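Q: All you need for my numbering is the position in the sequence shown, starting with 1, plus 1007.
The calculated SDA-like cross-link candidates involving lysine to any residue, where the alpha carbons are at most 20 Å apart (straight line), are:
(1) Lys1040 / Val1029
(2) Lys1058 / Ala1037
(3) Lys1058 / Leu1046
(4) Lys1040 / Ile1060
(5) Lys1058 / Phe1041
(6) Lys1040 / Lys1058
(7) Lys1040 / Tyr1056
(8) Lys1040 / Val1050
Just so you know, the hints here were simulated from the structure itself, not pulled from any lab data.
Note that the structure is a prediction, hence the values are computed from the model and not measured.
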Amino acid sequence: AIHQRSDVCAVPAAGVVAEAMVALVLAQAALEKFGGDSLPETVDNITSYLKRINARPHIPGTVTS
1008 AIHQRSDVCA VPAAGVVAEA MVALVLAQAA LEKFGGDSLP ETVDNITSYL KRINARPHIP
1068 GTVTS
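Let's have the full structure, built from the sequences with the hints guiding it.
A: Structure representation (C-alpha cells):
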C-alpha cells in the first residue's frame, strides 16, 4: 500500500528554512562589515568596533541600552 504524507500546514517547516536564511544573511552582513583575511582578524575587528561604540559620548534625546 502507498502511504502519502500530507501536512496540514507548511508553516513550521517554512519557519526552519526562514530561520536558516536569516542566520546566513546576518553572517554575510557581519563579514561585509568586519571581514578580514582570517577569523582572528575578524574577531579583532569586531572587538575594536565594540570598544569604539562604547566609548562614544551619550547624545541627549537618544536611547541607550
